[in-house]
Amino acid sequence: MKHFERIIYERVKQYPRLKKTVVDTYQLLFSLLPGAKSNTLYPIQIREGFFYGFHDKCPWSPDSTMLLAHKYRDTLRMPRTDESIEVGYFAEDGNKRFVSLGETYCWNWQMGSMLQWVGKMSTIIFNDFDGNRHISRILDKEGYEIERFPIPVAALSRDGKWAVSHNFARLRRFAPAYGYANGMDPEEENPIPEEEGITLLNLETGETQFMFSVADIAKISAEPSMEKGFHYFTHCLFSPSDVRFLFYHRWVLPNGQTWTRMISCNRDGSDLFIFPTAGTVTHVAWKDDSTILAYAYTRELGGGYYLFSDQSSDFDIFGGGHFSSDGHPQFSPDGNRVITDTYPNHRRVQYLILYDLQKNKRWDLAALRSPWKYRHDVRCDLHPRWGRSGEQVCFDSAHTGIRALCTMKLD
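Be aware that the sequence shown starts at 1, since it is given in UniProt numbering, and climbs by one per residue.
If you are wondering where the hints come from, they were derived from the structure by calculation, not from laboratory data.
No experiment lies behind these values; they were computed from the predicted model shown.
Be a bit skeptical, because a hint or two may be false.
[As the list claims (entries may be wrong)] When the alpha-carbon atoms are kept at most 27 Å apart in a straight line, the in silico DSSO-like pairs for lysine-lysine are as follows:
| id | residue 1 | residue 2 |
| --- | --- | --- |
| 1 | 287 | 359 |
| 2 | 37 | 20 |
| 3 | 287 | 20 |
| 4 | 19 | 373 |
| 5 | 71 | 19 |
| 6 | 120 | 161 |
| 7 | 96 | 359 |
[Stated by the list, open to error] Simulated restraints, written as ranges between beta carbons of each label pair:
| id | residue 1 | residue 2 | range |
| --- | --- | --- | --- |
| 8 | 40 | 195 | 46 to 54 Å |
| 9 | 119 | 334 | 19 to 27 Å |
| 10 | 361 | 227 | 13 to 21 Å |
| 11 | 120 | 290 | 44 to 52 Å |
| 12 | 81 | 347 | 47 to 55 Å |
| 13 | 309 | 122 | 30 to 38 Å |
| 14 | 409 | 18 | 18 to 26 Å |
| 15 | 314 | 240 | 12 to 20 Å |
| 16 | 409 | 207 | 36 to 44 Å |
Ideal Cβ positions, reconstructed from N, Cα and C, are used throughout, including at glycine.
Please take these sequences and the hints and turn them into a complete structure.
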């Protein structure tokens with residue numbers, strides 16, 4: 001991000017509607033110039049008509065022989081209430097053959113249906129709609145249903161034994177890119193609901209435990225801006241050992257201004273901790289059980305990538321000056337590298353980035369031009385994810401003109 005771009009971004013970052021207008025105008029002016037070309041360091045295997053979702057999961061099976069994917073119909077509009085997409089995986093050499101396992105009516109372009117592998121097993125879990133409420137379902141690799149649960153999954157523990165859940169229908173109002181088109185929010189008219197919150201699900205027994213409400217969290221270290229805001233939870237993520245998880249407490253003011261707090265707690269909802277951020281947190285990744293990488297704002301240093309210490313006020317700048325804008329990070333299996341990306345710049349180019357922590361070195365693996373039609377809530381973020389061995393990465397991209405699931409092998 002250029003210096004003058006950052007100055008403008010700082011002025012509009014908490015006003016989503018204004019930010020969209022400014023970005024659209026800026027990019028539209030540059031679209032009048034000859035189009036920027038995409039380029040890449042390594043070959044990209046492209047699967048048009050498919051996508052995966054968010055950057056906080058691994059789409060490869062535990063044995064790395066299957067690659068999860070969603071198969072869609074129309075890529076340039078938001079999901080309809082009665083619209084489904086297929087869930088399945090690519091198999092065989094090079095993950096070239098798609099095996100459809102079923103369909104889901106709970107999905108969005110950012111996170112898909114929360115499709116993911118369950119622990120070290122060859123079973124998958126994803127969210128669906130049964131006509132009355134959002135649920136989650138577990139299928140085997142032949143597509144047979146093994147289990148279903150009465151609540152959707154917002155995050156799954158790495159061992160596949162636990163999940164946390166929140167109301168995705170509530171996100172539809174102010175975060176439609178992350179919510180579902182169907183389902184009910186019983187407290188839609190209540191800006192700080194007493195009965196909507198985060199629930200723990202035991203996948204082995206099916207038991208659920210409501211841990212805390214939005215109102216419970218809003219009462220902790222309350223800020224003046226909260227009083228007139230519409231509050232909700234989003235972006236849950238378990239720690240590597242599954243002992244704790246984090247989530248965002250987010251509230252939106254009548255003028256569209258959005259505030260976010262990043263909070264962690266024990267798996268049972270106890271020992272809550274509010275991180276020392278200043279109004280904005282976008283994307284995160286656990287480095288280890290006590291360290292979180294986040295693109296956030298701090299009172300001392302402003303916006304950037306930071307390494308925060310869980311249950312501590314300590315934090316450090318991350319990246320040795322190699323990053324100047326937001327992205328979607330994920331640590332490699334050995335923890336020594338980070339794969340991340342950028343949003344489209346003024347020429348609509350997104351960068352796929354590899355960063356080596358030990359060498360303090362950055363490589364731009366690809367520069368991919370995203371067509372103008374892929375913006376706002378139907379945008380195609382790269383959302384890069386590591387393979388199990390750290391030898392390849394998976395990402396979504398529309399640089400060919402069509403939203404596609406892509407993979408790249410690294411030397």
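Hint check results:
1. 287 <-> 359: The given pair, whose Cα atoms are some 17 Å apart, holds under the 27 Å limit.
2. 37 <-> 20: holds, 24 Å
3. 287 <-> 20: violated, 32 Å
4. 19 <-> 373: holds, 17 Å
5. 71 <-> 19: violated, 31 Å
6. 120 <-> 161: holds, 11 Å
7. 96 <-> 359: violated, 35 Å
8. 40 <-> 195: 46 to 54 Å: Once the Cβ atoms are compared, 49 Å apart, the range 46 to 54 Å for residue 195 and residue 40 holds.
9. 119 <-> 334: 19 to 27 Å: The hint (19 to 27 Å, Cβ to Cβ) holds, given that residue 119 and residue 334 are roughly 20 Å apart.
10. 361 <-> 227: 13 to 21 Å: violated, 46 Å
11. 120 <-> 290: 44 to 52 Å: The hint (44 to 52 Å, Cβ to Cβ) is violated, given that residue 120 and residue 290 are roughly 24 Å apart.
12. 81 <-> 347: 47 to 55 Å: violated, 36 Å
13. 309 <-> 122: 30 to 38 Å: Between residue 309 and residue 122, where Cβ atoms are some 36 Å apart, the hint holds.
14. 409 <-> 18: 18 to 26 Å: violated, 41 Å
15. 314 <-> 240: 12 to 20 Å: This hint holds: roughly 19 Å between Cβ atoms.
16. 409 <-> 207: 36 to 44 Å: Hint holds: Cβ distance 42 Å, inside 36 to 44 Å.
When held up to the earlier numbered hints, the structure conflicts with 3, 5, 7, 10, 11, 12, 14 and fits the remainder.
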